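**Student:** Start from chain W and add chain G according to the hints.
There are 2 protein chains.
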Amino acid sequence: MSELLLKAKTAKTASRKLAVVSTEDKNQGLLAIAEALEKNIDKIVQENKKDIDAAVANGTSQAIIDRLVLNEARILDMVTGLKQIVELKDPIGEVLFENKIESDLVLQKVRVPFGLIGMIYEARPNVTIDAVGLALKTGNAVLLRGGSNAFHSNLCLVAIVKEALQETAISPDTIQYIEGTDRKLVEEMLTLNEYLDLVIPRGGAGLIQMVVQKATVPVIETGVGNCHLYIEKEANIDMAIEIAINAKTQRPGVCNAIETILVDQAWADRSLVKLIDALVEKQVKILGCPTSQKLDARISAASDEDYYTEFLDYIVTLKVVQSVDEAIEHIETYGSRHSEAIITDNDNVAAKFLNHVDAAAVYHNASTRFTDGFQYGFGAEIGISTQKLHARGPMGLPEMTSYKYRVYGKGQIRK
Amino acid sequence: MSELLLKAKTAKTASRKLAVVSTEDKNQGLLAIAEALEKNIDKIVQENKKDIDAAVANGTSQAIIDRLVLNEARILDMVTGLKQIVELKDPIGEVLFENKIESDLVLQKVRVPFGLIGMIYEARPNVTIDAVGLALKTGNAVLLRGGSNAFHSNLCLVAIVKEALQETAISPDTIQYIEGTDRKLVEEMLTLNEYLDLVIPRGGAGLIQMVVQKATVPVIETGVGNCHLYIEKEANIDMAIEIAINAKTQRPGVCNAIETILVDQAWADRSLVKLIDALVEKQVKILGCPTSQKLDARISAASDEDYYTEFLDYIVTLKVVQSVDEAIEHIETYGSRHSEAIITDNDNVAAKFLNHVDAAAVYHNASTRFTDGFQYGFGAEIGISTQKLHARGPMGLPEMTSYKYRVYGKGQIRK
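If you're matching them up, the sequences are chains W and G in order. For the first sequence, numbering that gives the first Met the number 0 assigns the number 0 to the initial residue and increments by one for each residue that follows. For the second sequence, numbering that gives the first Met the number 0 assigns the number 0 to the initial residue and increments by one for each residue that follows.
So here's chain W without its partners, still in its complex pose (with noise of 0.2 Å):
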């Protein structure tokens, strides 16, 4: 048996037994895990210095290698992760609703772990320790892989947990990372479906759009963030240039900043320029369309392409619109469903862009960044989910759980 079935039956069976471990028990777990890897932090920067000079010597973008990075303050990070998780309610066994059907048949829907999930990530090794804290806490076994770039830290921090979960009521069996360096495990592991019950991609747009494409097994997808700020005719002008500013700038690398600002013309005509200095100030590169390059020299002109395209980066596209129909036509067909504001005092107007915008998360007067598990209250994040099967938005404990039916009868047969 290869290395990935062995693996993924490994963490199935032991999947059964996770999922009636009192929370207690998997509590305990957690902290062991916690401390093993307080215990273990030299021992971690030394596996990770491996990674980086790999890293190094590939040549790899600074960008990157700080994702790599793990240090004693990001170690303590995780530890800290695993702590809250602790002190999160368990969603295993909520009664979801209970009900005396026709037949006098008692009906319990209960929340259940989902078994076996996979995981596959790129870069930054804290994932490793995020999804085992994740999983374990809502009774999942997982199946791990990480970035090769990664190899040496993920591998250590397995072998930590793994260690730290022999005394516990916990099997080691529950984690299991695929070490194997060959591109087409990924691909075996998507179509296994017999023993994974889901797969959760984590990574950039390339990683999830092959997930997607190649698994059988139940996808989440995550994370691809185009999304819009809409400056409405009514719209504040120093609330709009503010929350532009920070969409775009306060973290330009993640899924919830903004990509285009769509700029209403009456309000463009009053108070373009002022949004565009905010902008260039923070060395924002702006592409816009051509009305809007007839307003501010500053502008140089954007391509359809560019209006499809999460930059992650210092650069905005911008459009003059007509109308909030204009808008939302706009988000339609070049946003990515994922966070998506208006700003704006008129309520009808802002409640028009509420109620159409196809989005997880859509805003009134207020920055998408906030789009995340912990600014939600959740106090965990597994990912952000775009599509709207399952989950949406922002993931949680609750998001990361199936459910099954349990019925209570006195001998009730079907007339």
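Watch out, some of these pointers could steer you wrong.
As the list claims (entries may be wrong) - Facing chain W, according to a computed beta carbon distance under 8 Å, are these residues of chain G, among others:
1. Arg15
2. Asn26
3. Glu101
4. Asn364
Said to hold, decoys possible - List of simulated lysine to any residue pairs, SDA-like, C-alpha gap at most 20 Å:
5. W:Lys409 - G:Lys99
6. G:Lys351 - W:Tyr402
7. G:Lys99 - W:Asp346
To be clear, the hints were calculated from the coordinates, so they are not data collected in a lab. Predicted model only: the values in this text are computed from it and were never measured. Even glycine gets a Cβ: it sits at the ideal position worked out from N, Cα and C.
**Tutor:** Frame of chain W, contents of chain G only:
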């Protein structure tokens, strides 16, 4: 643009308007369809006759022809079905929760339609009207692809639906039927991620596996039921036999009928003969393990493959087991995670079975035949999901919806 792309695009565009149509307008649309069906009974029967004649000419089995037939009674059943959907609560717009979050933003989780749902189904033409009714009530457009043997019936029904919608607030464009007969069209449909938010296959195991294998669009797997009845040591004899007979023979051709009976050794030693008497009386053929064959000569040998088989017929496999653990293990190995039942007077053993068995519905002292949206009191059913993502077990109206987050601010930015 191909028929498929054109229809998908048209339906998707129409879905945006449908998403915000009022409950009253949706109900009026459904009633208009019901009225039109009633008016056109003769025409439907006439078109249906073309399919029946072709099926007879092709030597189609009587069982399939029975499913294809549309007569006055069946058409009136569709009319009643639509009227029942009108009476159901509209799930769209329901606020699932509302919170003031840290940054003083108001966060609302609101139920919304998926958008465009693809339905791929076989034989029964009444599924066309069922799907239209459930989709419209939940604000979803549908792209339908029925079985080729119900071609004329389906086209006639869709034409009646579209004409009935002309004078209503629902655009006829929301309902599209793929007429092209090339089987490759189905594969193309399954990869229309740009337009389709979800695909639901309804039919035999072959169709469902094909959809799971080929789709890049999110899928809800439905229907395959390899269900078990476990008669535990402390099972009441009469109750066990009555439920076994009901679960196997009340309607053997459906997914929630049982295929295997697991019998505790001690119970079998006392009462297996009585159970076999009852099954034989109902003309059920019994395939069993060597232990069971020693207890009753009317049992033929079962192969390993037989335990994997969904017979949908008057055939049952039987196995004598030594413990609840062995029963759980057998179900884990051979089952399809649909419906599983235990008969016992021992509540502790029952609780163990209900907790450990991984299936959409688990029963204590009741027939598996109750796994059904109407029996569960949902008032509708689009299918029975055997996957864990999004929906499990019988799917009613809420399972045909997604959600979005609406966030209301006063100019908040992320710090």
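**Student:** Work down the list of hints and note, for each, if the structure agrees.
**Tutor:** To see whether the hints hold, each was checked on the structure:
1. Arg15: 7 Å, holds
2. Asn26: Since the shortest Cβ distance to chain W is 20 Å, the answer is violated.
3. Glu101: 7 Å, holds
4. Asn364: 4 Å, holds
5. W:Lys409 - G:Lys99: 45 Å, violated
6. G:Lys351 - W:Tyr402: 17 Å, holds
7. G:Lys99 - W:Asp346: 19 Å, holds
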